[in-house]
Amino acid sequence: MQEVMLEKAKELLQSGAVDRVLGWKAGEFAYDITPCVFASAQELEAGFVYNDFCGNNLSKYLIKESRKGGKVLAFLKPCDTYSFNQLIKEHRIVRENVLVVGVPCQGMTDGETLKAKGVKGILGIKTEGEDFVINTLYGDRTMAKKDALPERCLSCKSKKHVVYDELLGQEGDKLDSGRFDLVNKLEAMDPEERFAFWRGELSRCIRCNACRNVCPACSCEKCVFDNDASGVAQKAAADSFEENMFHIIRAFHVAGRCTDCGECSRVCPQNIPLHLLNRKFIKDINTLYGDYQAGEDTVSRAPLTNFTEGDAEPSIVTKGGKKA
Amino acid sequence: MRKIAKEKLGALLAAVGRDKPLYIPALDASGQARFTRWHEGLEMARALNTVRSAKDFFFPQTENLVDFKVKGKQIEIIDPRSEQEDFVLFGVRACDARSFEILDKVFLADPVDTYYQSRREHGTVVTLACTQPEETCFCSAFGIDAAAPEGDAQVWMDEEYLYLSARTQKGDKFLESVRALAEDGGEDAVQRQQEETRRVMAKTPLAGLNLEGFDGEHLNPLFDSEKWAELSQACLGCGTCTFVCPTCQCYDIRDFDTGDGVRRFRCWDSCMYSDFTKMAHGNPRLTQVERFRQRFMHKLVYFPANNDGQYGCVGCGRCLSKCPISMNIVKVAKELSKEVR
Amino acid sequence: MQDVKTFRPKIVAFCCNWCSYAGADLAGTNRLNYPADVKIIRVPCSCRVNPMFILRAFQRGADGVILCGCHPGDCHYSTGNYYARRRMTLLFSMLDYLGIEKERTRVEWVSAAEGAKFAATMNEFVETVRQLGPNKRLEDLRCKK
Amino acid sequence: MQRIGVFVCWCGSNIAATVDVSAVSEALSHEPGVVFSTNYQYMCSEAGQNLIKDAVREHKLTGVVICSCSPRMHEMTFRKAVASTGLNPYMVEIANIREQCSWIHKDKAAATEKAIILGRAAIAKVHLNAPLTAGQSPVTKRALVIGGGIAGIQTALDIADAGFEVDIVEKQPTIGGKMTQIDKTFPTLDCAACILTPKMVDCAQNEKINIFAYSEVEEVKGFVGNFHVKINKKARYVDTTKCTGCGECTEKCPMKKIPNEFNLGLDNRRAIYIPFAQAVPKVATIDPDHCNMLKNGKCGLCAKVCSAGAIDYKQKDETIEREYGAIVVATGYNPIKLDQYDEFAYSQSPDVVSSLEFERLTNAAGPTGGTLLRPSDGKHPHTLVFVQCVGSRCSQEGKGKSYCSKICCMYTAKHAMLTREKYPDTEVYVFYIDVRSPGKNYDEFYRRAVEDYGVHYVKGMVGKVTPRSDGKLMVQASDLLAGEQMHIEADMVVLAAAIEPDKSARPLATMLTASMDTNDFFTEAHAKLRPVESPTAGIFLSGACQGPKDIPDTVAQAGAAASKVIGLLCKDQLTCNPCVAHADQLMCNGCSSCEKVCPYGAITYEDKEFRMPDRTTAIRRVASVNEAVCQGCGACTVACPSGAMDLKGFSNSQIMAEVDAICKM
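Chains as they are written, first to last, in the working numbering: chain A, 1259 to 1582; chain B, 4 to 344; chain C, -17 to 127; chain D, 86 to 750.
No lab work stands behind these hints: they were computed from the structure.
Just so we're clear, the structure is a prediction, and the values are computed from it rather than from any experiment.
Yeah, the Cβ is synthetic: ideal placement off N, Cα and C, and Gly gets one too.
Possibly wrong hints are sitting among the right ones.
What the hints assert, rightly or not - Examples of chain D residues toward chain C, derived with CB under 8 Å:
1) A196
2) K199
3) I280
4) A612
5) P616
6) Q716
7) C718
8) V723
9) N737
10) E743
Unchecked claim - Straight line, CA to CA, 20 Å or less: simulated SDA-like cross-link-like pairs of lysine to any residue:
11) B:K173 <-> B:R123
12) D:K464 <-> D:A320
13) A:K1378 <-> B:E162
14) D:K383 <-> D:A320
15) D:K693 <-> A:K1443
16) B:K11 <-> B:Q64
17) A:K1378 <-> B:T200
18) A:K1443 <-> B:A32
Go ahead and model the full structure; you've got the sequences and the hints to work with.
In structure tokens form, the structure reads like this:
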């Protein structure tokens, strides 16, 4: 696929159809890939890469890239296209300045995920069939690709692109991969257990803002938490309350807008499963207000800017009824 | 040199942790290591390093500086500090141990930061030599020997024994507190382990990282390099690199309205943040390129220029593993070295 | 830990100007008792209440927060309470998901004619929160006396 | 720092009996910013107000907190008092220590403590108050009425009668609407044309009224008092200033087989036509879909016969731009399509007709000249079956309407009665779920149909209508009261089709940013108290576009809408509510969330150039609030994730300051 994409990018650059290419650039190791805007064939030749480690969602970069003038080619994975659409809906990306080329994705892993599986001192990674052969300082190791996937990819909602101008490779399908299983599990706990669980998770937060800054839905010109005039600005979680506050409000602000790309959890240096907060909102919205997938289209009304006269009352929560 | 049988590790920790706070690397719920207050039964993590560095214990992320209590139209000023108690940090790696030297140069230089100073004075750092470095390790680029960590006391561990050696008076006191468990000897085993570690270390991909030319002499060409724009292009402006960094020492002082007064506290700041060093007139570094440049220029140029060539980095590799977009000091150094060689 | 019997919870009640605030006034006019623990904040509409205000109240020491607005369909601004209803439903569900006592938050629709309902709701809510005891799960220790 | 004065009212003993007012004024005097604090028997009395005014002047107060009764009671009083000293009236906050404190608590200590806290909250808020000034916007003294049926006609006449200019936009070639097609009107049975056509003529002759027939609204911009509307006047290919309506052209036109809409396709018209004799304006229109000259350039007969030389094949659509102060929606209704009702054989037999078709079949100006004849063979029908609630009160999704169409019971009674009166030899059956006849003289009317005219009313539904080869319609039905099946050999079946809003209503609502319900009826600002106003300021509702209505209700509502419009147009300036939303454009993302929840369409977006923090300039899409339209609900402030949208007078920081003050004790 990398070769096909590279050819496509060079061809479009050469023909003048696009001025820049948004893609991924190889790093020092096999896995440390950086989003990159390439301006020439030479740059592409030197560093363009597309492999199992291109997890970064590129859509958010298009907020700025699409306003720079000229046309940018953006390679988007299925889940990136949801974010892209959502940003189009919110008038954040100038659509006509972007040429979207959909690229297939079989799930993306990263160095952290491999290390969590006990791999140490990674020197090189090769793909052999459905396996990774990992060369390390301490010998070779083989790992099935599917075992190397992070949770967000194991519970992928769709391998289908919701928007593209051109598509490379086979189009995939929407999936039913049980992405609410972990939410269900948490819901089934006692409130005390849940409290202990989330307190444990959120207490690790170092307020680095990686989750917020990577999030395509968190695209505010200025975040309320950075704005001293907002009265709720906080630079560090100086009290456990602020950990809760930040993550509750962040999840609330992206509720109905979060496409569930899972970037928040990927980038969290403390491995807090932040996407489970967003998924809770998605699940609640689906059960209470009807199935809604943010980013699936560019026109539908988001659940929190919509209502029906017969909506559930907030007491549905207080009365403790498990929602169907 | 003293040695303690490995099965007595629990007893060793208990001997220290019984009467003063002892912090050891332990796995958190997500399976990553962090320095955790020891309690009976807490197991020491075998991970190479903690996610958060050991600097937390001397320079915590948030620290209360002063309280103002408001009663009607009266204001009372309260120093919130209580007596600092002695504590022990056990299992600090060579890189983090070196980071204290760097932090000391900032906080203990005149005017002395008394909050930091008090913690430094009361903290005993017991280091643990590395045996299995990661590909992200590049402490050797800064002259750090992962096999011979600094600190008040040093510990090497193999399958049978822990080997201990004191480097300072605090280290002596630490060894004294575990005297009953220890016996003499172990120099040979330590030496064997060190050789092996150094051998592996030499094979790590970043072992040859060359920082030649990163100094005050080359400040201008480095500062003016056109590479910064490209390097910072994908930077999200988050604070991950700075917050996991053992040497980042910038902080902000903020006021929190408690309802009946104000709590003035400091908290880590990040040069990657858009409001970093924002003053009444505005922000001196308005773009992410400038802020990004600041971080690396500080570590690789300004700091050594002001501190006898000592870099503001210890090569722990945390930012390499944690940066959401995998941009880091190694990539920056490699790219920019072209400007000075 | 405070005794359940002597514990006096702090309750913040956000009331929309057109229905519930008037309902609260009517409760007063009819001299209908409810505990002094309840303090009302007047907002133009239930849709003005930002989830941040609710968290803020807990941070600052509230033990329970209640939002009162016009009955669905009767909003002075025609649709405000419909949005408030969705927002609060989701917020409360999230608080519950985080293990924070769901009984500490409540939404009640109180019309300008329902002084009795206002008083009864407040009595009931104060009692519920009193039984729960002080808010510990969403407090900010810096704001404690 | 504000200089705040605190004024604690005793309200005689209403407050003072339960709240220690001196303790309250004493405690509040120590609050930051408070420079004066006192208590007095009746703050609202003249002496009390003077006390406040004097204190404002003497202590140079910048903020005033009054601890008294509910702000719903005396907020205006105190604001006016303060304003008279030159201080901005919005620098006043009230702590409600009567209705929400002294009157509900018995324990004086607890009530006093609470009063102090409420006072502190008000002080905390006033610290953040800013002077607010109500904006003014001018009013264009002309109204637009969209829809020229009886609703639009009545509204226009009433507005014109008050001396204001009013334009009617009607998409058909003539005004008059549905009422022109109706034969008689219930419950008095006067002829529809007799009461409607004079009003149509009045419209045409009234110099304040301007009729844009055969026209549609294309674009609406602006806001209350200042709407800017584009109207597309479709080409008639006839110069209306020359056409005399003589009808010569319509006689000569060779295209004879075009279904006549006015008679619902029960007969034909020509390609050039005048809908009916009393049409207003009475001018011919060429139907471009059927005119040979327009389609193929061959014919031109009408131009040849027109002695006035009015025919203009080159005529083009024309866009008219006009300014209005108010807009009235009167887009009316249509009967639903009956294609989905195969069980009644509507599409199989021409003798199964809708009620509106039946109106035409009994109308003297209709295709049969008013003689009731079966469409299939032109014979006189003997047995008629009327079926009610066809598509109304229907729970089946996608098929009918969940609501009651309201008018069918009465017109069916009328049809049944008129049939029996004119043709006593007929048998007339009416099948119904319930007969709904509330309204003056309505039930009497229905009972006359049953009792005096011998109409067979059967409670029950018709299950199936089967056309038989001999032309009879076999009606299979159940009589619920008798509990038996019925089989009727009918000659005609008349279906009372549900009514629905005109299809043009939905796009129009979008243009007007007026809200609609799920059935596409326009929603009123308040179901009980503001039934003829849309929530969008300056948009008014007349007739069935708001919900099913009969003629008397429509005319009543039309008049009510007119009176609201007159009330608006009488003003030279509109004073806005100063407590409105405001967007901090530097922080605005332009994401449109706020716009989506605004019930008034007060938020618009513009692309504006900004100097960005990184020294670049960028064109950004940002929200701006039209203060003349915003009503200050605050829905947008919560929809806005960046906090760019805030509400004056109830700002985020003000509300949080109140929260803090209340919680800190």
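A quick look at each hint next to the structure:
Contact between A196 of chain D and chain C, as hinted, is supported at the beta carbon level, the nearest pair being about 6 Å apart and thus within 8 Å. For K199 of chain D, the interface hint holds, the least distance from its beta-carbon to any beta-carbon of chain C being 4 Å, beneath 8 Å. Nearest Cβ of chain C to the Cβ of I280 of chain D: about 35 Å, over the 8 Å cut. The hint is violated. Restraint check, A612 of chain D versus chain C: the minimum CB separation of about 7 Å is within 8 Å; hint holds.
For P616 of chain D, the interface hint is violated, since its Cβ never comes within 8 Å of a Cβ in chain C; the closest pair sits about 12 Å apart. Hint on Q716 of chain D holds. Least Cβ distance to chain C is approximately 6 Å, under the 8 Å limit. Checking C718 of chain D against chain C by beta carbon gives a least distance of about 4 Å; that is within 8 Å, so the hint holds. Satisfaction of the interface hint for V723 of chain D is found here, the shortest Cβ-Cβ separation to chain C being roughly 5 Å, below the 8 Å cut-off.
For N737 of chain D, the shortest C-beta to C-beta distance to chain C is roughly 7 Å, which falls under 8 Å, so the interface hint holds. Given hint, E743 of chain D at the interface with chain C, holds; its Cβ is 5 Å from that chain's nearest Cβ, closer than 8 Å. A distance of roughly 11 Å separates the Cα atoms of K173 of chain B and R123 of chain B; the hinted pair therefore holds under the 20 Å criterion. Restraint check for K464 of chain D and A320 of chain D: not satisfied, since their Cα atoms lie roughly 41 Å apart, outside the 20 Å limit.
Between K1378 of chain A and E162 of chain B, the direct Cα distance comes to roughly 19 Å. Compliance with the 20 Å bound is thereby established for this hinted pair. Distance check on the hinted pair: K383 of chain D and A320 of chain D sit about 19 Å apart at the alpha-carbon level, within 20 Å; holds. The hinted pair formed by K693 of chain D and K1443 of chain A fails the criterion: a straight-line CA distance of about 48 Å is larger than 20 Å. A distance of roughly 34 Å separates the Cα atoms of K11 of chain B and Q64 of chain B; the hinted pair therefore is violated under the 20 Å criterion.
Restraint check: the Cα-Cα separation between K1378 of chain A and T200 of chain B comes to about 14 Å, which is no more than 20 Å; the hinted pair holds. With a CA separation close to 17 Å, the supplied pair K1443 of chain A and A32 of chain B stays within the 20 Å bound.
Of the numbered hints listed earlier, those contradicted by the structure are 3, 5, 12, 15 and 16.
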